[in-house]
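A.B. asks: Based on the provided sequences and hints, a complete structural model is requested.
First to last, the sequence lines map onto chains C and U. What the first sequence shows, in numbering that gives the first Met the number 0, is residues 0 to 558, in sequence order. What the second sequence shows, in numbering that gives the first Met the number 0, is residues 0 to 368, in sequence order.
No wet-lab data here; the hints were simulated from the structure. Ideal Cβ positions, reconstructed from N, Cα and C, are used throughout, including at glycine. A couple of the hints might just be wrong.
What the hints assert, rightly or not - Computed list of lysine-lysine pairs in DSS-like fashion (alpha-carbon distance at most 27 Å, straight line):
{"no.": "1", "chain 1": "C", "residue 1": "Lys543", "chain 2": "U", "residue 2": "Lys165"}
{"no.": "2", "chain 1": "C", "residue 1": "Lys543", "chain 2": "U", "residue 2": "Lys55"}
{"no.": "3", "chain 1": "C", "residue 1": "Lys521", "chain 2": "C", "residue 2": "Lys503"}
{"no.": "4", "chain 1": "U", "residue 1": "Lys178", "chain 2": "U", "residue 2": "Lys132"}
{"no.": "5", "chain 1": "U", "residue 1": "Lys301", "chain 2": "U", "residue 2": "Lys188"}
{"no.": "6", "chain 1": "C", "residue 1": "Lys151", "chain 2": "U", "residue 2": "Lys55"}
{"no.": "7", "chain 1": "C", "residue 1": "Lys26", "chain 2": "U", "residue 2": "Lys55"}
Claimed, not checked - Between beta-carbon pairs, the in silico distance windows are:
{"no.": "8", "chain 1": "C", "residue 1": "Asp161", "chain 2": "U", "residue 2": "Tyr44", "range": "52 to 62 Å"}
{"no.": "9", "chain 1": "U", "residue 1": "Asp115", "chain 2": "C", "residue 2": "Asp157", "range": "47 to 57 Å"}
{"no.": "10", "chain 1": "U", "residue 1": "Glu166", "chain 2": "C", "residue 2": "Gly365", "range": "18 to 28 Å"}
{"no.": "11", "chain 1": "U", "residue 1": "Pro14", "chain 2": "C", "residue 2": "Asp23", "range": "28 to 38 Å"}
{"no.": "12", "chain 1": "U", "residue 1": "Val10", "chain 2": "C", "residue 2": "Pro181", "range": "51 to 61 Å"}
{"no.": "13", "chain 1": "C", "residue 1": "Ala110", "chain 2": "U", "residue 2": "Tyr44", "range": "13 to 23 Å"}
{"no.": "14", "chain 1": "U", "residue 1": "Val10", "chain 2": "C", "residue 2": "Lys105", "range": "11 to 21 Å"}
{"no.": "15", "chain 1": "C", "residue 1": "Ala110", "chain 2": "U", "residue 2": "Pro8", "range": "15 to 25 Å"}
{"no.": "16", "chain 1": "U", "residue 1": "Glu166", "chain 2": "C", "residue 2": "Lys494", "range": "34 to 44 Å"}
{"no.": "17", "chain 1": "U", "residue 1": "Thr218", "chain 2": "C", "residue 2": "Pro246", "range": "47 to 57 Å"}
{"no.": "18", "chain 1": "U", "residue 1": "Phe196", "chain 2": "C", "residue 2": "Asn2", "range": "46 to 56 Å"}
Here are the chains, one letter per residue:
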Amino acid sequence: MKNKILYLFGTGIIALALTSCDLDINKDPYAVTDLDMAQLLTATEYEVAATFSEGYYINTHLASYVQHTTSREVDNYSLIPGYSTLGNTWNQAYRYAIKNCDEIIKLSDEADDAIYAGIGRVLRVYTYMNMVDLWGDIPYSEANVAGIETPKADDSKDIYNDLLVVINKAIANFKDGEAENPFAIGANDLFYQGDEAKWLKAANTLKLKLLVQSRKAKADITNWQNELNALLAENNFIGNGEDLQFPHSATKTPSDERKFGFVDEYEGGQKSVWINPWFYEVLNGKTYNFKQNPLVGIVDPRIPYYYYNQATAAGDATNVTDYRDGAFISIFMGSNSGQTSNSQENSMTCIGIYPVGGKFDTGTGGVIAGSGNGIAPDRMLQAYSVPFMKAELVLTEGIAGDAKQLLEDGIKASIYHVNAVAKASDPTVPAIGDAAINSLLLGVLSAYDAAATNAKKLEIVMTEKWIANFFNSVEAYSDIRRTGYPVLFNGADRKIYTPYDQTKEANALAEPLEYASSAILKYPRIMWYPESETQLNNANINNKGRVVSDYTNVFWDVQ
Amino acid sequence: MGQGMMELPTVLYDPELEPEFTTEFEAGVDFKFFESRIGLDFTYYNRISENQIGAKTSAPSTGYSSFVTNFGSISNKGFELGLDLYPIVTNDFTWSMYLVYTKNKSEITELADGVDEIVIGGDFSAPQAVLIKGQPYGVLKGEKLARTKDGIPLVDPSTGMYINDKEMGIIGDPNPEFKTALTNTLKYKDLALSFMFDYQKGGCVYSSYLTDLLGRGVTKDTENRLGTRVIKGVYGDANTLEPILDADDNYIWNTTVIAEADLWFSDGTYSTFAINSCDEVATYDATVWRLREVTLAYNLPKKFANKLRLSNAEISVVGRNLWYFAPNVPKYTNYDPVVNTFGNTNVQGIDYTGAPSTRRFAFNLSLTF
Numbered sequence: 000m001k002n003k004i005l006y007l008f009g010t011g012i013i014a015l016a017l018t019s020c021d022l023d024i025n026k027d028p029y030a031v032t033d034l035d036m037a038q039l040l041t042a043t044e045y046e047v048a049a050t051f052s053e054g055y056y057i058n059t060h061l062a063s064y065v066q067h068t069t070s071r072e073v074d075n076y077s078l079i080p081g082y083s084t085l086g087n088t089w090n091q092a093y094r095y096a097i098k099n100c101d102e103i104i105k106l107s108d109e110a111d112d113a114i115y116a117g118i119g120r121v122l123r124v125y126t127y128m129n130m131v132d133l134w135g136d137i138p139y140s141e142a143n144v145a146g147i148e149t150p151k152a153d154d155s156k157d158i159y160n161d162l163l164v165v166i167n168k169a170i171a172n173f174k175d176g177e178a179e180n181p182f183a184i185g186a187n188d189l190f191y192q193g194d195e196a197k198w199l200k201a202a203n204t205l206k207l208k209l210l211v212q213s214r215k216a217k218a219d220i221t222n223w224q225n226e227l228n229a230l231l232a233e234n235n236f237i238g239n240g241e242d243l244q245f246p247h248s249a250t251k252t253p254s255d256e257r258k259f260g261f262v263d264e265y266e267g268g269q270k271s272v273w274i275n276p277w278f279y280e281v282l283n284g285k286t287y288n289f290k291q292n293p294l295v296g297i298v299d300p301r302i303p304y305y306y307y308n309q310a311t312a313a314g315d316a317t318n319v320t321d322y323r324d325g326a327f328i329s330i331f332m333g334s335n336s337g338q339t340s341n342s343q344e345n346s347m348t349c350i351g352i353y354p355v356g357g358k359f360d361t362g363t364g365g366v367i368a369g370s371g372n373g374i375a376p377d378r379m380l381q382a383y384s385v386p387f388m389k390a391e392l393v394l395t396e397g398i399a400g401d402a403k404q405l406l407e408d409g410i411k412a413s414i415y416h417v418n419a420v421a422k423a424s425d426p427t428v429p430a431i432g433d434a435a436i437n438s439l440l441l442g443v444l445s446a447y448d449a450a451a452t453n454a455k456k457l458e459i460v461m462t463e464k465w466i467a468n469f470f471n472s473v474e475a476y477s478d479i480r481r482t483g484y485p486v487l488f489n490g491a492d493r494k495i496y497t498p499y500d501q502t503k504e505a506n507a508l509a510e511p512l513e514y515a516s517s518a519i520l521k522y523p524r525i526m527w528y529p530e531s532e533t534q535l536n537n538a539n540i541n542n543k544g545r546v547v548s549d550y551t552n553v554f555w556d557v558q
Numbered sequence: 000m001g002q003g004m005m006e007l008p009t010v011l012y013d014p015e016l017e018p019e020f021t022t023e024f025e026a027g028v029d030f031k032f033f034e035s036r037i038g039l040d041f042t043y044y045n046r047i048s049e050n051q052i053g054a055k056t057s058a059p060s061t062g063y064s065s066f067v068t069n070f071g072s073i074s075n076k077g078f079e080l081g082l083d084l085y086p087i088v089t090n091d092f093t094w095s096m097y098l099v100y101t102k103n104k105s106e107i108t109e110l111a112d113g114v115d116e117i118v119i120g121g122d123f124s125a126p127q128a129v130l131i132k133g134q135p136y137g138v139l140k141g142e143k144l145a146r147t148k149d150g151i152p153l154v155d156p157s158t159g160m161y162i163n164d165k166e167m168g169i170i171g172d173p174n175p176e177f178k179t180a181l182t183n184t185l186k187y188k189d190l191a192l193s194f195m196f197d198y199q200k201g202g203c204v205y206s207s208y209l210t211d212l213l214g215r216g217v218t219k220d221t222e223n224r225l226g227t228r229v230i231k232g233v234y235g236d237a238n239t240l241e242p243i244l245d246a247d248d249n250y251i252w253n254t255t256v257i258a259e260a261d262l263w264f265s266d267g268t269y270s271t272f273a274i275n276s277c278d279e280v281a282t283y284d285a286t287v288w289r290l291r292e293v294t295l296a297y298n299l300p301k302k303f304a305n306k307l308r309l310s311n312a313e314i315s316v317v318g319r320n321l322w323y324f325a326p327n328v329p330k331y332t333n334y335d336p337v338v339n340t341f342g343n344t345n346v347q348g349i350d351y352t353g354a355p356s357t358r359r360f361a362f363n364l365s366l367t368f
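C.D. replies: As structure tokens, then:
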């Protein structure tokens with residue numbers, strides 16, 4: 000009897016339990032089914048910034064193409080199609096950046112959210128513009144389209160024309176006061192926290208960059224002159240403190256938010272970023288190698304923020320050096336001295352606080368291990384570029400303006416940015432003061448006045464812009480190809496000079512030591528298509544007939 | 000910055016995904032002779048699996064990294080043979096034998112259009128387990144030695160060591176050629192003793208463990224380390240991968256001497272037989288003999304069992320994996336080639352220094368109420 004009751008009771012409980020379960024075995028209750036637009040925006044901003052993040056992916060090695068840095072792995076313009084960093088940026092751009100941008104644009108247009116749609120468009124134009132500037136003809140109209148497995152490449156000028164249309168749409172979005180804007184925006188927008196006025200400035204700046212970049216082929220761009228005139232008349236561009244830049248913090252967990260370039264260089268196993276001696280000579284006004292240095296005799300106050308000398312002027316290096324000037328120890332591009340592969344882990348000059356949130360140089364030397372915090376932004380559109388772009392237009396297109404004043408504005412804006420970034424990374428670091436700024440301007444503006452032709456004046460302007468863009472390689476690479484300035488090392492006479500002897504000890508020479516360089520390749524005007532694309536889409540994207548150092552150019556790179 | 004992130008996935012799924020289908024033809028016979036003293040069981044099967052669901056890598060400009068869809072077909076053909084023998088059957092003593100033999104041959108008959116190979120595993124860029132049309136499932140692909148057209152390896156005259164080929168190739172098939180096992184059971188009254196031997200022929204294992212043992216010189220295989228060595232091969236050019244010919248267009252056999260240590264350990268500038276070797280050289284044949292199981296069981300007599308109110312009671316002691324011998328791995332390494340880093344998955348034949356197989360003992364007590 001007792002057993003029977005137990006049986007009934009037990010069965011009853013089980014029956015009840017079974018009927019009250021309404022979990023479907025095919026539906027995972029943890030699976031995300033609704034798209035959170037706010038989080039999608041943050042992710043898209045992150046992915047777009049990561050594509051061209053300084054010291055990361057292709058920018059690890061592109062910096063050596065613009066001769067800001069020297070790279071042992073990719074020396075002498077050798078980013079081959081199979082090289083991982085070349086493909087990484089391409090993959091990242093299409094699979095992560097552009098795909099999510101397109102989704103934001105689509106959903107925002109449907110929901111009539113003008114801010115989100117505008118942001119999506121600005122990020123999309125930014126990404127595609129950099130991609131075209133590097134690779135020329137790329138998949139655009141057929142990229143990220145459902146059903147197309149092998150997208151064909153579009154002509155670079157057609158893409159630029161469409162990008163101009165898109166950026167105008169973005170500007171209209173930001174000026175749209177009647178949109179519903181149902182999606183919340185605020186802290187999730189890591190660039191401007193939803194400030195439409197700033198986004199409008201960013202969109203205008205991006206449009207200015209697009210027009211300036213294509214000026215030599217302006218006939219290929221629809222309505223180029225009118226667009227430029229209207230834009231300059233409106234004159235609503237990014238100002239100091241309003242840069243479009245992706246912020247980084249010192250947080251390490253739960254996710255590492257420090258600048259990628261910092262983590263790789265300061266905490267990686269082996270340092271791989273060498274400061275290019277050609278850049279060093281421009282910054283310090285030297286002429287050992289750069290005989291026609293336009294800024295000869297001018298020492299830039301931004302030096303201790305740009306790079307950090309681990310060695311001291313009289314101290315020993317770890318091993319025999321290749322190029323040395325006092326405390327500055329580095330390797331020269333294409334050097335044949337046989338000393339470039341020596342380990343200089345604790346004596347080489349490293350990138351500093353402004354590019355990656357590293358260590359500020361007080362001149363006392365010491366290893367970088369344990370210093371810095373990676374708080375430095377990824378630059379996308381900078382306030383200092385605006386006066387430089389305008390100065391370029393004055394000197395080449397003859398628009399109205401005072402190029403000398405614009406040059407001064409550009410330098411001041413760059414120094415403002417250096418101070419802001421350094422202070423955010425380390426508040427104890429002193430700012431570049433007015434005295435130093437005025438002294439720099441005195442030197443640069445005299446050189447500018449002494450320059451006889453517009454071409455020579457342009458050289459000063461573009462060299463200063465190149466200095467301001469230290470470690471921001473994509474923009475610098477486009478500037479060099481478009482204007483031909485600054486003049487880069489080309490190894491024509493196969494000679495390199497180092498002011499200190501090639502020894503372990505510091506040994507200043509009366510006459511710089513001359514040594515041989517290998518033949519430097521002709522300057523590459525475009526990148527190879529990466530293998531990740533050519534292997535899977537060979538019919539449309541392949542490197543046949545593509546000669547990067549000769550006649551394959553982006554459409555705006557007119558000789 | 001304290002903000003959550005959400006983004007679109009990079010794997011695209013075919014909305015018209017279909018299930019996989021397997022078509023099988025199987026035929027078998029079952030014979031028993033001499034009042035079941037001899038039993039023979041034979042089965043032949045031919046199995047074709049089509050519409051496999053797999054991921055095709057996508058070009059980055061599509062916005063995706065892979066596309067999961069149906070494609071490809073795999074065939075598995077083979078036969079299984081079982082032989083049941085009772086050589087001695089008396090009242091008190093029985094001796095029975097069971098022999099089983101299996102042979103399976105797999106082949107990738109089709110992949111998708113334009114797809115030459117699909118990688119299914121491998122933690123590094125080489126070796127990898129791949130699916131290639133016309134090859135068995137999961138062959139290993141990796142670096143190989145450069146050879147002449149007749150298959151003689153090329154030696155670099157400046158180092159005296161082998162030259163690696165620039166292209167990767169198939170270095171081994173982890174699927175065994177056949178497997179066979181023999182179980183003997185001896186029963187005397189209430190005591191039963193059974194032991195099982197098995198033999199696997201073929202298969203391969205890429206072993207980073209063996210390269211470590213040999214490379215560091217810790218086994219007796221490299222005990223003899225004084226004196227010079229000359230490895231067998233012909234001189235070749237490291238850049239063109241062509242053999243260097245003498246005045247009469249003949250091969251020049253290697254006469255460059257090297258030290259014993261150079262055979263097993265290098266700084267990475269040339270390939271050895273162990274540390275910094277090319278994958279082909281680090282892959283060994285996985286043929287292995289094994290005493291897989293020995294069981295000794297005692298069935299308690301009914302009288303005792305009934306006293307304890309049990310209808311049946313049995314005690315047994317089992318030992319597993321008691322002995323093995325792999326003839327084609329270095330002799331003194333005592334290596335068991337079935338060690339597989341990827342366990343019971345699609346990827347077989349790769350050992351990144353996994354834990355060795357164990358010998359196990361168990362004690363069983365079975366009581367029936």
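A.B. asks: A separate judgement is required for each hint: does it hold in the structure or not?
C.D. replies: Hint by hint, here is what the structure shows:
1. This hinted pair checks out: Lys543 of chain C and Lys165 of chain U have alpha carbons roughly 21 Å apart, not beyond 27 Å.
2. With a CA separation close to 25 Å, the supplied pair Lys543 of chain C and Lys55 of chain U stays within the 27 Å bound.
3. As the CA atoms of Lys521 of chain C and Lys503 of chain C are separated by approximately 33 Å, the hinted pair breaks the 27 Å bound.
4. Straight-line distance between C-alpha atoms of Lys178 of chain U and Lys132 of chain U comes to about 25 Å, which keeps the hinted pair within the 27 Å bound.
5. For the suggested pair Lys301 of chain U and Lys188 of chain U, the alpha carbons sit about 12 Å apart, so the restraint of at most 27 Å is met.
6. At most 27 Å may separate the alpha-carbon atoms for a hinted pair to count; Lys151 of chain C and Lys55 of chain U meet this at roughly 19 Å.
7. Taking the CA atoms of Lys26 of chain C and Lys55 of chain U, the gap is near 26 Å; set against the 27 Å cutoff, the hint holds.
8. For the pair Asp161 of chain C and Tyr44 of chain U, the beta carbons lie near 59 Å from each other, so the given range of 52 to 62 Å is met.
9. For the pair Asp115 of chain U and Asp157 of chain C, the supplied restraint of 47 to 57 Å is violated, since their beta-carbon distance comes to about 33 Å.
10. For Glu166 of chain U paired with Gly365 of chain C, a C-beta distance near 48 Å fails the hint of 18 to 28 Å.
11. Range check, Pro14 of chain U to Asp23 of chain C: Cβ separation about 20 Å, and the 28 to 38 Å hint is violated.
12. The hinted window of 51 to 61 Å between Val10 of chain U and Pro181 of chain C is violated, with their beta carbons roughly 30 Å apart.
13. Roughly 58 Å separates the CB atoms of Ala110 of chain C and Tyr44 of chain U, a value that falls outside the hinted 13 to 23 Å.
14. With their beta carbons about 20 Å apart, Val10 of chain U and Lys105 of chain C fall inside the hinted range of 11 to 21 Å.
15. Our hint of 15 to 25 Å for Ala110 of chain C and Pro8 of chain U holds, since their Cβ atoms are close to 22 Å apart.
16. For Glu166 of chain U paired with Lys494 of chain C, a C-beta distance near 40 Å keeps the hint of 34 to 44 Å intact.
17. Evaluation of the 47 to 57 Å hint for Thr218 of chain U and Pro246 of chain C yields a pass: the beta carbon distance comes to about 56 Å.
18. For Phe196 of chain U and Asn2 of chain C, the hinted distance range of 46 to 56 Å is satisfied, since their beta carbons lie about 51 Å from each other.
Going through the hint list in order, the structure does not satisfy hints 3, 9, 10, 11, 12 and 13.
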